[in-house]
Each structure stands twice: as structure tokens, then as C-alpha cells.
Amino acid sequence: MYTRFDTESRIAVAQATDIARELGHREVGPGHLLLGLLANPRGTAYAALRDHGLDLDGAREIVATHHVEADPEPEDAADGETRGYDDDREALKAIGIDLDRVREAVRANLGDDLAERWADRPERGRGRGERRGRRRRHHDHEHHGRGRGRRGPRSRREDGPRFSRELRALLRDVRRSVLRDRLDSDDHDEARRVPGMTGARLLVAITRSDDAAAQAVLATADSLEGLRAQAEAAAEQRTA
Amino acid sequence: MNDAADLSDTAASKDPEQGLAAVRALRALADRLEAVQVRNAREQGWSWQAIADVLQVSRQAVHQKHSRDSHE
Chain A
0 MYTRFDTESR IAVAQATDIA RELGHREVGP GHLLLGLLAN PRGTAYAALR
50 DHGLDLDGAR EIVATHHVEA DPEPEDAADG ETRGYDDDRE ALKAIGIDLD
100 RVREAVRANL GDDLAERWAD RPERGRGRGE RRGRRRRHHD HEHHGRGRGR
150 RGPRSRREDG PRFSRELRAL LRDVRRSVLR DRLDSDDHDE ARRVPGMTGA
200 RLLVAITRSD DAAAQAVLAT ADSLEGLRAQ AEAAAEQRTA
Chain B
0 MNDAADLSDT AASKDPEQGL AAVRALRALA DRLEAVQVRN AREQGWSWQA
50 IADVLQVSRQ AVHQKHSRDS HE
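Sequences listed follow chains A and B, in order. Here the first sequence stands for residues 0 to 239, numbered as in numbering that gives the first Met the number 0. Here the second sequence stands for residues 0 to 71, numbered as in numbering that gives the first Met the number 0.
Worth flagging that the hints you see were computed from the coordinates, not collected in a lab. Glycine included, every Cβ here is placed at the ideal spot set by N, Cα and C. Treat the hints with care, as some may be off.
Output of the computed footprint for chain A on chain B, the stretches with three or more beta carbons under 8 Å from beta carbons of chain A [what the hints assert, rightly or not]: (1) 18-27; (2) 44-56.
A few chain A residues that don't get close to chain B, going by computed Cβ distances all over 10 Å [what the hints assert, rightly or not]: (3) Arg9; (4) Ala38; (5) Leu55; (6) Glu60; (7) Gly83; (8) Arg88; (9) Glu89; (10) Ala93; (11) Leu109; (12) Arg164; (13) Asp180; (14) Val193; (15) Arg227.
Based on the sequences and whatever the hints tell you, model everything.
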């Protein structure tokens, strides 16, 4: 199901991404999203945050020091080659290919070790040396030529920071609560027309998140309870 | 015989985890074999065009992909 973002929430996510990039963070987390809300003085979330003593500069410093990056995902790990080989050997065994025997035969006849540089495909070896980078470009080009498309997702690293696990969970929770409210609503059509993702809803979700950076910022509010209550009230108001 | 049934089951597995892993592994194997075989062909004096014909891709494609692996 599809939940529309209102202007405030859209700006907040965009700002959060920019700020994370400026801070040199690889991930956008709930803390950055909080900064994104604080960066927009026109927003309802901004009003609630300011009313409780928070400001962008102070919060930004806290996020800069408290943000915790998740470990890189396995697909990004630079050491995955032998593990990839072992996984693939199992997968091939399941469809009747004995990879070790192929490897043996290749080694005997051609002198090459298949396991060496296994899965050394451009998409997977990103960022490990200039030579691969050049091959990648060629590779992409070649795929275009044959209309085959590239394999697998393009690395998101070069598209800037990505959403952290916590932020994805947070957005999922907000979506769920929006859908729940829609089901409860008397006027379904009206409920569907209004964007469900609002700045106030995001703020409510952030106050409930256990993200370290977000919590560190919120701890500086004069009253977290008061802040949450104000955000909840604003979220209830289903602004058109 | 039993094996054969198992094999097709996995290749056509309804479990995406299994089915996709098989696809990924086949690709990795194909890519790796291609690199090794192209290099071997070059060492045996095959032209890029001849290699491309067998692989059924363009000469430019093979050359761009593999020229760095084979000594020119």
C-alpha cells in the first residue's frame, strides 16, 4: 500500500539525507530525520521541537557525535570472495554441478584457479581499485549494447547515504499507523486523499524510536513527554 | 534418477532463496569460466572476432570486457 508524503515530511527526508551526507555519514537514521524536521521552520514538527527547547545547530552537533553506523552489509564486504565461492558451490551442488570438480578440471587443463577472483564481477567489487572501476564502465556499456540490462542493484554508495535499518523500520511503523487510522476513519475517501506521512507523525515515531542519536537529541528537550504529546496532537489534526 | 528430480526441483524451486542462489552461482561460474576461457583462447592465438563469434556477442564487447585480462 502506498502512503503519500506531505510537503513537510518530504522536505524532512530530503534534508535528513543532505545533512547525513554533510556529516560524512553513510546512513540516514532517525536522528538525521529529526534534524530534517528541525531544518524546516514552517513545519508543525519544528514548532513542537522549538517549543521544547531544541534547535538545529545544537541537535546537529549531538547527532554528529551520537550517530552509530551499522556494519556494512555483507554484499559490500571486501572479503566475500571465498565465502561467495563456498555459497555458490552449495547452490550449484543443488542443481547437479560439482563446482570443485569443475575447478579441478580447469586447474589441471588451464592452470587457472576458478575460486580465485570468484564472483569478481564489477557490481560486486566496487571501490576496490581503479582497474575494476574501468572494467565496470565497460561492462555497463556492453550490457546496454546487448539490451540485457545490468545485473543486480547498482551500489547505493555512490547515490549518497542510505536509510538505516532503524529509519526504515520507523517509516514502516508510520505507514502502518496511517493505514490503521484509515481503516478506522468514517470517511475512507477523505482519509485516502490526505497524505498520510506528515511531519508530526514522523516526529511522534522518532520520539518512540530507540535510535541512539535521536534519543540523545530528545534528551535535551525540556520535556520529552510534553514534546510527544504536542506532536501527537498535531498528528491527530490530519491537516489538509 | 532421484538426483535428477532433486536437481530440477531446486533449479525451479519455489523458495526464492534457493532458486535465486542457483542463478547467482551459475552466473558466477559462467563469468569466471568465460574469463579463463577467453584468456586461454587468446593465448592460443584466437582473434577477438573468433572468440566473439563463439560467445555470440560483439567483438567490441569481448574485447572491452577481457582485454585487460589477456596480455595484448
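Here is what the structure says about each hint:
1. Three residues within the 8 Å Cβ limit are the bar, and the stretch 18-27 of chain B against chain A gives 7, so the coverage statement holds.
2. Given a C-beta distance limit of less than 8 Å, the hint that chain A covers the stretch 44-56 of chain B is violated, as 1 residues qualify and 3 are needed.
3. In this structure Arg9/A is separated from chain B by more than 10 Å, as the shortest Cβ-Cβ distance comes to about 32 Å.
4. Listed as a non-interface residue, Ala38/A keeps its Cβ farther than 10 Å from every Cβ of chain B; the least gap is roughly 40 Å.
5. Against the 10 Å criterion, Leu55/A stays outside the reach of chain B, whose nearest CB is about 44 Å from its own CB.
6. Look at Glu60/A: its CB is around 43 Å from the nearest CB on chain B, clear of 10 Å, so calling it non-interface holds up.
7. Under the 10 Å C-beta cut-off, the non-interface status given to Gly83/A relative to chain B is violated; the minimum distance is some 7 Å.
8. For Arg88/A, the shortest C-beta to C-beta distance to chain B comes to about 8 Å, within the 10 Å cut-off, and the non-interface label is violated.
9. For Glu89/A, the shortest C-beta to C-beta distance to chain B comes to about 8 Å, within the 10 Å cut-off, and the non-interface label is violated.
10. A Cβ of chain B approaches the Cβ of Ala93/A within 10 Å, the least distance being about 4 Å, so the stated non-interface status is violated.
11. Distance check for Leu109/A against chain B: the nearest CB is about 5 Å away, which does not clear 10 Å, and the non-interface claim fails.
12. Listed as outside the interface, Arg164/A is consistent with that label: its C-beta sits roughly 20 Å from the nearest C-beta of chain B, beyond the 10 Å cut-off.
13. With a least CB separation of 33 Å from chain B, Asp180/A remains clear of the 10 Å interface cut-off, as annotated.
14. Every beta carbon of chain B lies more than 10 Å from that of Val193/A, the smallest distance being close to 36 Å; the non-interface claim holds.
15. Listed as outside the interface, Arg227/A is consistent with that label: its C-beta sits roughly 40 Å from the nearest C-beta of chain B, beyond the 10 Å cut-off.
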